[in-house]
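Enquirer: As a plain string of letters, each chain reads:
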Amino acid sequence: MKRFFGFVTKEFYHIFRDVRTILILFGMPIAQILIFGYVITNEIKDVNIAVLDHSKDEVTREITDKLLSSGYFILNKKLETNDQIQEEFEKGDIREVIIFGDNFARKLQKEKAADVQIITDASDANTANLVRNYTQAIINDYVKEKNATILQPARLVPEIRMLFNPELKGTYMYVPGTMAMILMLISAMMTSITIAREKEMGTMEVLLVSPLRPAQIILGKVAPYVMLSFANAVSIIVLGYFVFGVPVQGSLVLLLAESLLFITLALSLGILISTVSTGQQMAMFISMFALMLPTILLSGFIFPIENMPEILQWLTLIMPPRWFITIIKNIMVKGTGLLFVWKETLILVGITLVFIVLSVRNFKIRLE
Amino acid sequence: MINTAVSIKNVKKTYGEVEALHNINVDVSEGELFGFIGPDGAGKTSLFRILVTLLLPTEGAASIFDMDVVKDFKKLRRILGYMPGRFSLYQDLTVEENLNFFATTFGTTIKENYYLIESIYKQIEPFKKRRAGALSGGMKQKLALSCALIHKPRLLVLDEPTTGVDAVSRSEFWDMLGNLKKMGITVVVSTPYMDEAGLCDRVALIQKGRLLSVDTPQNIMNGYDEDLWAVRSKNIYKLIEDLRQLEEVSSAFPFGEYVHVSTPPDRINQKMIENLLEKKGHDTVEVKKIGATIEDCFMKLMKN
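Residue numbers (numbering that gives the first Met the number 0), protein chains in the order written: chain A, 0 to 367; chain B, 0 to 303.
Please note: incorrect hints may appear among the correct ones.
Across the chosen pairs, the derived CB separations fall in these ranges [stated by the list, open to error]:
(1) B:Gly136 <-> A:Phe288: 53 to 63 Å
(2) B:Tyr14 <-> A:Phe362: 48 to 58 Å
(3) B:Ile1 <-> A:Ile21: 53 to 63 Å
(4) B:Thr162 <-> A:Pro308: 52 to 62 Å
(5) B:Gly136 <-> A:Leu218: 29 to 39 Å
(6) B:Gly136 <-> A:Ser250: 57 to 67 Å
(7) A:Phe362 <-> B:Thr162: 26 to 36 Å
Here are the simulated BS3-like pairs of lysine-lysine, each with C-alpha atoms no more than 27 Å apart in a straight line [stated by the list, open to error]:
(8) B:Lys151 <-> A:Lys198
(9) B:Lys8 <-> A:Lys363
(10) A:Lys198 <-> B:Lys128
(11) A:Lys1 <-> B:Lys110
(12) A:Lys363 <-> B:Lys70
(13) B:Lys74 <-> A:Lys1
Taking beta-carbon pairs under 7 Å as the criterion, some of the chain B residues facing chain A (in silico) [to be verified]:
(14) Val51
(15) Leu53
(16) Leu54
(17) Arg76
(18) Arg77
(19) Ile78
(20) Tyr81
(21) Pro83
(22) Arg85
(23) Asp91
(24) Phe100
(25) Thr103
(26) Thr104
(27) Thr107
(28) Ile109
Source of the hints: derived by calculation from the structure; they are not laboratory data.
Idealized CB from N, CA, C, for every residue including glycine.
Given only the sequences and the hints, what does the whole structure look like? Please build it.
Expert: Quick look at the structure:
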């Protein structure tokens, strides 16, 4: 036991004396969660638009004001002629032009219909779609308000409710996803690098010719990273809660326990990587390619699994982050308990065991 | 009766096609300071790694205190002290932390075995708060030796401990090995420096994976069966060329500022060599008869 503590102490010295390690361990998670939380978002904000108002009457002014006061749009320019539209889009400053036809108010009153045209810059298709939807919704809203008093012919209006995330906040998705990615990356990459470093520096040679057993070496290496990764998981949950308002609806204990399970999984994967790599560089590359890209692309974190080609869908089945993301989304956002995530949990336990068995079998008690 | 500490029997090691060790047979007695002397690439490191249970021999067997290096590796790892050829301590840990770590790893404390390392560690103790990576070459080796010794091993295996170390530190290092021997620790050491051979009880000359000779340094030197001369003139390069042309000369090698010339016993004398060289146009020729050094023996054995 004393040996084990001696080893762990040594490992902490390594961690706290290397600025790069510290940065990766603590700087990267916080930076990533903030970047993902703020940058990758499906909501729009402060989109530059132009208005070409041919009638300039009370109604068009009201609609324009409503649009601009929503917070989604900024009036970049008031246009005077149709020719200016193309020109403005080519300059690229604006995303949308709203055109009101002439005699807008009068037509609306007389004919119960008036012309509004929305032109968007679809070179960025996603944003164009969002901008159009927002604009349409605001204009419809205005019309509805105006006509509230007037009796309408019977209409079918679907009542829509968004469960669990009524405001459709992107962070509800990105916080769990980023958490999976960071824990995977940090835990697996850092352990694989630290073990590979012992090999590279020749210290593994000395460790092997000592009474330390392989299990002691591995556990001693991994224990500090379990603690640090766990601290990371906690800080991500805290950041998610206070900065992005991502709630923890379910049991916090269960959430932390599942995180610990996932950390163990990532660490055992890290050990496995280190047993097949000869140096730090190689360990790092394997970790990057084997972990980062699949975590981002194949876990359902950014791209929905249902939309993938079937082969890739099958591939996602062996991606641990996929299951972990499902678990934490269930716990954090839906507030469900173990009863709903036991299958995913079992899968994670299984994968962990496979990794541990493989790495113990692969760990070499001698040099090559 | 003296016990055998290390017994190496017909050990062979191949890496793919390359044969690193070819049928090595050596016994080292308990309490001996035994040196493997040979140039880089002779196979010293491979042999040592087999001894310290880090490599498996391709053929043959080796045992240490009657424990097999393959089967009993767990037991052996408790009683071995090993210092690899490359500096293999934690550079980001201080001197003291390194020593502490290795003591704990072997289930002991610095205090318990301090007497063993005292004479060595005292020299680096003023720097005990310094990171190991910032030490000089000689100090690094002293620290590495302290770490290899801290658990009081029965056998100490040192792979080229003096390579890349300045002359003063080298001689200090050998003094320490002498002290350890007095304390009853068997020491097996390798070195590419021929002049260090004389500091060992017995040496094995090794070249290209083969043992050339195993004996005490004195016996090896006495075994030189030719006359040896140290010759010097102004133009060393031409001197070697000319000497090698003489039919009486069996070999001529540069050796510091002299050329060592080997001739069959009683074939030629000092005056005759001087005359022969002056005839070839050398002036200020200096010739003296000398005894063989280990390096001369090594060169001769290598040629055969």
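Enquirer: Does each hint fit the structure? Answer for all of them.
Expert: Outcome of the hint check:
{"no.": "1", "hint": "B:Gly136 <-> A:Phe288: 53 to 63 Å", "verdict": "violated, 39 Å"}
{"no.": "2", "hint": "B:Tyr14 <-> A:Phe362: 48 to 58 Å", "verdict": "violated, 22 Å"}
{"no.": "3", "hint": "B:Ile1 <-> A:Ile21: 53 to 63 Å", "verdict": "holds, 55 Å"}
{"no.": "4", "hint": "B:Thr162 <-> A:Pro308: 52 to 62 Å", "verdict": "holds, 59 Å"}
{"no.": "5", "hint": "B:Gly136 <-> A:Leu218: 29 to 39 Å", "verdict": "holds, 34 Å"}
{"no.": "6", "hint": "B:Gly136 <-> A:Ser250: 57 to 67 Å", "verdict": "holds, 58 Å"}
{"no.": "7", "hint": "A:Phe362 <-> B:Thr162: 26 to 36 Å", "verdict": "holds, 31 Å"}
{"no.": "8", "hint": "B:Lys151 <-> A:Lys198", "verdict": "holds, 25 Å"}
{"no.": "9", "hint": "B:Lys8 <-> A:Lys363", "verdict": "holds, 25 Å"}
{"no.": "10", "hint": "A:Lys198 <-> B:Lys128", "verdict": "holds, 25 Å"}
{"no.": "11", "hint": "A:Lys1 <-> B:Lys110", "verdict": "holds, 16 Å"}
{"no.": "12", "hint": "A:Lys363 <-> B:Lys70", "verdict": "holds, 15 Å"}
{"no.": "13", "hint": "B:Lys74 <-> A:Lys1", "verdict": "holds, 20 Å"}
{"no.": "14", "hint": "Val51", "verdict": "holds, 5 Å"}
{"no.": "15", "hint": "Leu53", "verdict": "holds, 5 Å"}
{"no.": "16", "hint": "Leu54", "verdict": "holds, 6 Å"}
{"no.": "17", "hint": "Arg76", "verdict": "holds, 6 Å"}
{"no.": "18", "hint": "Arg77", "verdict": "holds, 5 Å"}
{"no.": "19", "hint": "Ile78", "verdict": "violated, 10 Å"}
{"no.": "20", "hint": "Tyr81", "verdict": "holds, 4 Å"}
{"no.": "21", "hint": "Pro83", "verdict": "holds, 5 Å"}
{"no.": "22", "hint": "Arg85", "verdict": "holds, 5 Å"}
{"no.": "23", "hint": "Asp91", "verdict": "holds, 5 Å"}
{"no.": "24", "hint": "Phe100", "verdict": "holds, 5 Å"}
{"no.": "25", "hint": "Thr103", "verdict": "holds, 3 Å"}
{"no.": "26", "hint": "Thr104", "verdict": "holds, 5 Å"}
{"no.": "27", "hint": "Thr107", "verdict": "violated, 10 Å"}
{"no.": "28", "hint": "Ile109", "verdict": "violated, 12 Å"}
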